[in-house]
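Number of protein chains: 2
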Amino acid sequence: MTKVVTVKRRALAASEARADTLRSGFAASGTLVANLISSPGSGKTTLLEATVRGLDGELTMAVIEGDVATENDADRIRALGVPAHQILTGGACHLDARQVEAGIKDGGLPEVDILFIENVGNLICPTTYDLGEDFKVVLLSVTEGDDKPVKYPAIFARAEVAVITKSDLLPHVPFDLDSVKSQIASLNPNGAVLVTSSLNGEGLDGWLDLLRARLAAKRRTPG
Amino acid sequence: MTKVVTVKRRALAASEARADTLRSGFAASGTLVANLISSPGSGKTTLLEATVRGLDGELTMAVIEGDVATENDADRIRALGVPAHQILTGGACHLDARQVEAGIKDGGLPEVDILFIENVGNLICPTTYDLGEDFKVVLLSVTEGDDKPVKYPAIFARAEVAVITKSDLLPHVPFDLDSVKSQIASLNPNGAVLVTSSLNGEGLDGWLDLLRARLAAKRRTPG
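Going down the list, the sequences are from chains A and B. Counting from 1, position 148 in the first sequence corresponds to residue 148 in this note's numbering; the numbering is continuous, with no gaps. Counting from 1, position 39 in the second sequence corresponds to residue 39 in this note's numbering; the numbering is continuous, with no gaps.
Check before you lean on any hint, since a few could be wrong.
For chains that are exact copies, the list does not tell them apart, and a pair is met inside one copy or across any two.
Calculated lysine-lysine pairs in the DSSO-like style (CA-CA distance at most 30 Å, straight line) [unchecked claim]: (1) K181 - K8; (2) K105 - K151; (3) K151 - K8; (4) K218 - K151; (5) K8 - K218; (6) K105 - K181; (7) K218 - K181.
If you are wondering where the hints come from, they were derived from the structure by calculation, not from laboratory data.
Work the whole structure out from these sequences, hints included.
See below:
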């Protein structure tokens, strides 16, 4: 067991060094980088589609998609005219900095205002992997149940932004929004919580404003 | 990297030996064991609650719950009068055979007709871990989207039973049931697909009949 832990620690240290290199590059280009994490089917790609539509013509964007299999998600983004690169992990349950570094090169992604990294659909594994991002975003759909933040505390504690998705389904599911907000607040007192629906547009303005504000703040801060 | 692979392979071999021991014990006691796997919030615990209610007085049952954090799920099962043991994995994204073995002892679980193992909410990591079960059940809620089987092919290929959950929400979400059935059929030609709602009861009779039939078949088959 000790051997496993040592090997894992070494791999993690190498990955962290790579993440630092990525972060320096993003600072130099003034690119805001968001790392999106959630269960499968919480609506990461759909939120990105709505984001791309909302910021089209105002900011330049690119997307790195992480999936176990299929190019489907990258295809959905490309269909909107935004460059996207699909990373296929085979069986792995998260992206790492090495894959993101290679993905930017292999995908020939241009320098942009905002780079979105859509992690593999998983509420656990991606939590501890630094991809050089400015902040992590955790998504939770109202259909997943209102007990999830305390059941998956690590990601809700680390993500600076929590986006509750599919709010249009609130009338049809048992979901105590106040309880979820209070669970997240207890895990992450400084985190932002947004309630959104990519279907009817609720809350999307707040999400776009958050991105604009974080990009402006990054560019005000000397590298 | 080779070192990591070697260490992992050794750990997996040890885990497989433990799973075989567990399987022999379950064969001796005539216990049917189902390993439930899905994303967080697909409705595993809710299906188990409905199952316990449906088979109450007819068959004896016990549940092992796997979660990163909280005793919530075991508490929900115990509230229905069925013995349950909660395994907390800390950060780990799946259960292993050692934890199940220890859980049965530590939880003082009695010999029963059916033991349900509710794995950690994760559509990737639990796929390759044998827990000594008779079969894996993968759950997919209609709110997660109809692209999931091909995006997470390994678990849909391995699970002998796929349960589509939350069918009561079909009128409110874009979900092509025929496409999902055909994706699953292509990954797993011999698998069973059930469409259910734990809320309005749709399809639950079929699920209970499947459990009855598998238990009867197991007891007909010599050790």
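Results for each hint:
no., hint, result
1, K181 - K8, "neither (34 Å within a copy, 39 Å between copies)"
2, K105 - K151, "between (37 Å within a copy, 24 Å between copies)"
3, K151 - K8, "both (25 Å within a copy, 27 Å between copies)"
4, K218 - K151, "neither (32 Å within a copy, 35 Å between copies)"
5, K8 - K218, "neither (32 Å within a copy, 41 Å between copies)"
6, K105 - K181, "neither (39 Å within a copy, 37 Å between copies)"
7, K218 - K181, "within (27 Å within a copy, 46 Å between copies)"
In summary, the numbered hints that this structure violates are 1, 4, 5, 6.
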